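Asks: Sequence:
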Amino acid sequence: MSHLAVEPVSKIISTISNKGGVGKTLFSIEMANILGKMGKKVLLIDTDINTGDIAVKLGIRSPKTLLDFFEKQVNELESLVRPEYHFNLIPGAGGNFKFANINYAQKMRFIRAFKKIAQKYDYTILDLGAGIDRTTLDFALIADYPIIITTPEDIQSGYGCAKAAAERLIGLNGRLKVLDPDGNRVEEFAPYFVFNKSDKNIAHGIYNGIRRAVEVTRSKYNIGIKPEYLGSVSIDYRLVKRTYVSQHKPISEMYPNSDLGREYRQIAEHFINALYQPQPVKERRLNWLFRIFKDNEELN
4 MSHLAVEPVS KIISTISNKG GVGKTLFSIE MANILGKMGK KVLLIDTDIN
54 TGDIAVKLGI RSPKTLLDFF EKQVNELESL VRPEYHFNLI PGAGGNFKFA
104 NINYAQKMRF IRAFKKIAQK YDYTILDLGA GIDRTTLDFA LIADYPIIIT
154 TPEDIQSGYG CAKAAAERLI GLNGRLKVLD PDGNRVEEFA PYFVFNKSDK
204 NIAHGIYNGI RRAVEVTRSK YNIGIKPEYL GSVSIDYRLV KRTYVSQHKP
254 ISEMYPNSDL GREYRQIAEH FINALYQPQP VKERRLNWLF RIFKDNEELN
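The sequence shown begins at 4 in our numbering and counts up one residue at a time.
FYI, nobody ran anything at the bench for these hints, they're computed from the structure.
Note that the structure is predicted; figures quoted are calculated from it, not measured.
One or more hints might be untrue.
With a straight-line cut-off of 20 Å between C-alpha atoms, the simulated SDA-like cross-links for lysine to any residue are [stated by the list, open to error]:
#: 1; residue 1: Lys-119; residue 2: Gln-109
#: 2; residue 1: Lys-229; residue 2: Tyr-195
#: 3; residue 1: Lys-203; residue 2: Leu-263
Derived DEER-like restraints, expressed as beta-carbon distance ranges [to be verified]:
#: 4; residue 1: Val-219; residue 2: Glu-79; range: 40 to 48 Å
#: 5; residue 1: Pro-155; residue 2: His-273; range: 17 to 25 Å
#: 6; residue 1: Lys-203; residue 2: Tyr-240; range: 15 to 23 Å
#: 7; residue 1: Leu-278; residue 2: Arg-115; range: 39 to 47 Å
Built from N, CA and C at the ideal position, the CB exists for glycine as well.
Go ahead and model the full structure; you've got the sequences and the hints to work with.
Replies: Here it is, written out as structure tokens:
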């Protein structure tokens with residue numbers, strides 16, 4: 004198998020958690036801003052249309068949101084993009100519409116538009132809503148680099164998130180085998196884990212426990228899960244309140260040299276360094292999912 008030692012283009016990141024309140028959206032904002040400060044062209048998409056949490060945290064009142072795309076008020080995602088600090092943003096919106104409930108036609112329309120706009124960026128980050136419904140798992144799976152955010156109090160949910168994605172992967176690959184027996188398949192789900200509200204020693208211990216549980220699951224059920232440790236973030240509630248509640252700005256923008264700011268930066272640097280390691284040449288996950296869903300509405 005051939006290998007490349009160069010950084011791939013137009014990388015897709017998804018951030019996912021099994022439940023709310025674990026710091027996923029803050030992580031997505033900080034990751035987008037720090038990668039942008041590193042000179043990368045970054046797009047952050049808030050798919051949690053029901054809450055529009057990124058816009059709330061950044062104090063944004065946008066006339067156009069991702070909801071407009073799903074309601075067919077706009078045809079291109081590009082028309083929803085707005086610059087924020089060192090990244091571009093497609094905001095979500097508060098309302099009753101839920102990304103988890105999009106139908107087959109909406110999903111395919113979004114995938115087509117997403118493929119088009121992602122090519123224009125070094126990194127596209129999908130901030131997915133909390134939970135492990137099918138739509139959320141599908142968009143976690145299309146990412147080149149899925150990141151699961153969890154906490155020491157939420158270990159089982161973090162592991163459950165990885166297991167559910169791997170099980171969905173098996174189901175989709177089974178369908179693809181019927182449709183295209185000789186086609187390429189994505190064989191495993193390899194998420195990065197970030198442990199929020201945790202110091203490094205505790206985080207490493209938790210990660211090792213998750214890795215052991217994954218090994219048992221892999222051997223018992225033949226499920227392809229390969230977790231990687233990305234980092235940990237402590238918590239400073241006063242700093243978070245000062246930046247996101249009072250000033251509506253990223254920590255990496257206002258207080259980059261704070262303990263929390265440095266921890267976010269270290270995770271981003273670790274992530275960038277990992278990308279430069281030789282990787283097997285493989286099919287793009289986004290193309291893989293598109294092939295599976297094309298003309299197969301029953302998979303939605």
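Asks: Does Tyr-195 lie within 20 Å of Lys-229 when you go C-alpha to C-alpha?
Replies: Holds, at roughly 9 Å.
Asks: Return holds or violated for the Cβ distance of Pro-155 and His-273 against the range 17 to 25 Å.
Replies: Given a distance of about 20 Å, which is inside 17 to 25 Å, the answer is holds.
Asks: Check the hint pairing Lys-119 with Gln-109 against an upper bound of 20 Å on the C-alpha distance.
Replies: holds (16 Å)
Asks: Using the beta carbons of Leu-278 and Arg-115, state whether their distance is inside 39 to 47 Å or not.
Replies: violated (26 Å)
Asks: Does the Cβ-Cβ separation between Val-219 and Glu-79 fall within 40 to 48 Å?
Replies: At 46 Å between Cβs, range holds.
Asks: Taking only the CA atoms, is the gap from Lys-203 to Leu-263 under or equal to 20 Å?
Replies: The given pair, whose Cα atoms are some 13 Å apart, holds under the 20 Å limit.
Asks: Is 15 to 23 Å right for how far apart the beta carbons of Lys-203 and Tyr-240 are?
Replies: The hint (15 to 23 Å, Cβ to Cβ) holds, given that Lys-203 and Tyr-240 are roughly 19 Å apart.
Violated hint for the displayed structure: number 7, the only one.
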